[in-house]
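Participant: Take a look at the letters that make up each chain.
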Amino acid sequence: MTSKADIKAEAARLLATFQSNGAQLVETDLLQPSEVMLDLYGEDIRARAYVTSDPVRGEQMLRPDFTVPIVQAHMTEGAEPARYTYMGEVFRKQDAGTGRASEYMQVGYEVFDRTDPIGADAEVFALFSEVLQDTPLQASIGDIGVLIAAVQGLTTSDRRRAALMRHIWRPTRFRALLDRFSGRADIPTGRAELISALEGLDVEQIVQGAGPEIGLRSVGDVAERLSALRKDMSVPPIPEDEIEAVSALLAMSISADQAVGQLADIANQFPAIKTAAQRFAKRLNALKARGVDATGVLYEGSYGRTSMEYYDGFVFGFAANGQTPVASGGRYDALTRVLGQGRNIPAVGGVIRPELLLEVTS
Amino acid sequence: MTLKLGVPSKGRLMEETFAWFGARGVTLEQTGSDREYAGAVSGVDDVELILMSAGEIPRELAAGRIDLGVTGTDLVREKIPQWSEQIEPLAELGFGFADLIIAVPRFWADVSTLDDLDAVAARFRAKHGFRLRIATKYHRLVREHLKEAGVADYQLVDSQGATEGTIKNGTAEAVADITSTGATLEANHLKVLGGEPVLRSQATFFASKTSDLSGKDQTAFAALKAKLGL
Numbered sequence: 017m018t019s020k021a022d023i024k025a026e027a028a029r030l031l032a033t034f035q036s037n038g039a040q041l042v043e044t045d046l047l048q049p050s051e052v053m054l055d056l057y058g059e060d061i062r063a064r065a066y067v068t069s070d071p072v073r074g075e076q077m078l079r080p081d082f083t084v085p086i087v088q089a090h091m092t093e094g095a096e097p098a099r100y101t102y103m104g105e106v107f108r109k110q111d112a113g114t115g116r117a118s119e120y121m122q123v124g125y126e127v128f129d130r131t132d133p134i135g136a137d138a139e140v141f142a143l144f145s146e147v148l149q150d151t152p153l154q155a156s157i158g159d160i161g162v163l164i165a166a167v168q169g170l171t172t173s174d175r176r177r178a179a180l181m182r183h184i185w186r187p188t189r190f191r192a193l194l195d196r197f198s199g200r201a202d203i204p205t206g207r208a209e210l211i212s213a214l215e216g217l218d219v220e221q222i223v224q225g226a227g228p229e230i231g232l233r234s235v236g237d238v239a240e241r242l243s244a245l246r247k248d249m250s251v252p253p254i255p256e257d258e259i260e261a262v263s264a265l266l267a268m269s270i271s272a273d274q275a276v277g278q279l280a281d282i283a284n285q286f287p288a289i290k291t292a293a294q295r296f297a298k299r300l301n302a303l304k305a306r307g308v309d310a311t312g313v314l315y316e317g318s319y320g321r322t323s324m325e326y327y328d329g330f331v332f333g334f335a336a337n338g339q340t341p342v343a344s345g346g347r348y349d350a351l352t353r354v355l356g357q358g359r360n361i362p363a364v365g366g367v368i369r370p371e372l373l374l375e376v377t378s
Numbered sequence: 018m019t020l021k022l023g024v025p026s027k028g029r030l031m032e033e034t035f036a037w038f039g040a041r042g043v044t045l046e047q048t049g050s051d052r053e054y055a056g057a058v059s060g061v062d063d064v065e066l067i068l069m070s071a072g073e074i075p076r077e078l079a080a081g082r083i084d085l086g087v088t089g090t091d092l093v094r095e096k097i098p099q100w101s102e103q104i105e106p107l108a109e110l111g112f113g114f115a116d117l118i119i120a121v122p123r124f125w126a127d128v129s130t131l132d133d134l135d136a137v138a139a140r141f142r143a144k145h146g147f148r149l150r151i152a153t154k155y156h157r158l159v160r161e162h163l164k165e166a167g168v169a170d171y172q173l174v175d176s177q178g179a180t181e182g183t184i185k186n187g188t189a190e191a192v193a194d195i196t197s198t199g200a201t202l203e204a205n206h207l208k209v210l211g212g213e214p215v216l217r218s219q220a221t222f223f224a225s226k227t228s229d230l231s232g233k234d235q236t237a238f239a240a241l242k243a244k245l246g247l
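So the protein lines, in turn, are chains E and B.
Here the numbering used here runs 16 ahead of the position in the first sequence, where the first position is 1.
Here the numbering used here runs 17 ahead of the position in the second sequence, where the first position is 1.
No lab work stands behind these hints: they were computed from the structure.
Misleading hints may appear alongside valid ones.
What the hints assert, rightly or not - Simulated restraints on C-beta separations:
(1) B:L247 x E:A192: 34 to 44 Å
(2) E:A192 x B:A200: 26 to 36 Å
(3) B:L247 x E:R200: 45 to 55 Å
(4) B:Q235 x E:Y66: 55 to 65 Å
(5) B:R76 x E:T291: 48 to 58 Å
Claimed, not checked - Once the Cα atoms are required to be at most 27 Å apart in a straight line, the calculated DSS-like pairs of lysine-lysine come out as:
(6) E:K109 x B:K208
(7) E:K290 x B:K164
(8) B:K233 x B:K164
We treat Cβ as the ideally placed atom computed from N, Cα and C, and that holds for glycine.
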């Protein structure tokens with residue numbers, strides 16, 4: 017068991033490294049308003065965060081991560097470009113028996129820079145590689161941007177694309193939708209009957225006849241979705257070769273060096289991902305220019321889809337085989353758009369857990 | 018020491034529990050007036066009857082402050098994380114049936130599955146700027162069920178009673194609640210989503226795995242189980 021004093025000393029060492037790299041030190045509150053967190057992450061965060069209530073400020077959460085308060089601080093008072101570093105505790109409820117810590121230190125480094133996103137990705141990853149260079153940790157990278165490009169490029173309706181986009185971060189559901197939209201799985205039971213029963217009838221009248229209109233969702237909303245469902249019945253299945261391309265992208269697990277060629281091959285079959293694949297190749301070159309050995313880095317097509325909901329581009333992690341990552345991070349441009357209320361700034365960053373780092377190095 | 022048996026302190030659940038034990042030769046009775054929460058056990062030795070709120074029985078079992086108890090599976094699963102490590106079901110008692118279900122307004126003709134609910138939640142959030150609200154007091158069970166099904170863009174709002182009325186009152190768009198007959202749902206213009214309910218619950222006889230039984234208690238426990246045919 018590593019003592020708290022040792023963990024704090026290690027955190028301070030990492031913080032000093034990030035500061036010497038030009039990052040400005042920021043502090044954030046331990047108590048964060050629940051509303052923002054819930055709106056961003058949904059109900060899952062309530063199951064994982066410690067929730068408390070304040071008679072004046074309302075429901076609060078013990079800081080479940082740093083990203084949200086850092087982005088908020090940057091949006092209200094930050095100058096561009098900016099590099100930030102921070103250290104402190106985050107709090108996450110853990111299931112009984114897992115033995116995982118529910119209170120632990122994180123030290124982070126975040127870059128807000130709109131001039132050269134690829135350079136910023138490379139800067140963050142190279143810095144983390146350097147800090148972690150003498151450890152037995154395996155580096156993995158992924159690119160949610162490639163998956164987003166693939167979904168946007170599917171030959172199907174806007175509605176189906178939007179449904180897939182929403183569920184990129186929920187792999188099981190994503191797969192179920194993909195199977196349905198490609199005709200591999202049946203449409204939900206009862207839907208065909210429902211649609212055919214409405215044929216030639218006044219939809220609003222049917223809806224009104226079913227029961228009184230109660231709640232915020234209106235008769236018009238119901239009628240609108242019914243007509244969308246009817247239209248959806250005649251949307252042709254997503255072509256087989258596109259499904260195969262998406263499946264191939266998701267299944268990739270190969271050295272980052274070889275991933276460039278494999279992505280280019282898939283892009284030849286499925287040109288929609290061409291730009292994203294080129295962006296990946298450029299980023300890898302930027303990493304090499306900073307001295308990263310790309311042959312030792314693993315590219316995983318599905319990396320970052322389950323644990324890091326807000327990442328929408330480059331993602332990375334450093335872990336000892338199958339263990340909780342010692343360090344992780346990625347790009348979260350969309351998050352800054354949500355929190356910036358109309359303004360946004362491309363952002364990338366990551367955190368290291370000093371306690372886990374000490375465990376693998378000692 | 019005696020074995021402590023927790024039984025719901027009032028209503029049909031208490032009566033039917035008494036009847037279930039009575040039919041197997043173990044007589045449970047409320048002593049004193051019918052407002053006094055004291056009880057007596059006959060037909061077996063070294064078992065003490067404790068009348069308590071059905072909602073508190075799961076917690077007391079998990080903590081090992083009572084050895085045995087009768088309560089609904091819904092309450093155990095909602096209130097005790099990793100419940101099966103702390104509490105062991107001995108017998109389903111065949112009464113107190115109730116399903117935890119998700120219901121939506123009946124006029125939502127386009128919604129019959131969780132899949133539909135997910136799609137509607139996405140549209141709702143885009144239109145109103147906040148997540149579709151589901152009123153319930155079973156937060157853990159509902160959250161896990163919806164996560165399993167991949168439903169997103171919803172939020173749970175707490176409702177400790179009269180949950181079926183929340184939609185009409187404008188504080189929720191859907192509800193998740195226990196129902197036995199569906200009459201309340203019907204009266205409030207709601208319909209149950211198709212497919213499996215979130216949970217099927219009934220009154221169940223549980224044993225604590227955390228209470229420390231002495232040798233004498235072990236003997237009493239074995240005798241009680243033999244008498245009840247378990």
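Participant: Decide, hint by hint, whether the structure agrees.
Facilitator: Outcome of the hint check:
1. For L247 of chain B and A192 of chain E, the Cβ-Cβ distance of about 41 Å falls inside the hinted range of 34 to 44 Å, so the restraint holds.
2. Distance hint check for A192 of chain E and A200 of chain B: the Cβ-Cβ separation is about 35 Å, which falls inside the suggested range of 26 to 36 Å.
3. Taken as a hint, the range 45 to 55 Å holds for the pair L247 of chain B and R200 of chain E, whose Cβ atoms sit roughly 48 Å apart.
4. Restraint check, Q235 of chain B to Y66 of chain E: a C-beta distance of roughly 39 Å breaks the suggested window 55 to 65 Å.
5. Distance hint check: the CB atoms of R76 of chain B and T291 of chain E are about 57 Å apart, consistent with the given range 48 to 58 Å.
6. Distance restraint check for K109 of chain E and K208 of chain B: the Cα-Cα separation of roughly 35 Å exceeds the 27 Å cut-off, and the hinted pair is therefore not satisfied.
7. Among the hinted pairs, K290 of chain E with K164 of chain B is inconsistent with the structure: their alpha-carbon atoms are about 33 Å apart, more than 27 Å.
8. For the proposed pair K233 of chain B and K164 of chain B, the alpha carbon gap of about 45 Å is over 27 Å, so the pair is violated.
In the structure shown, a violation is registered for the earlier hints numbered 4, 6, 7, 8, in ascending order.
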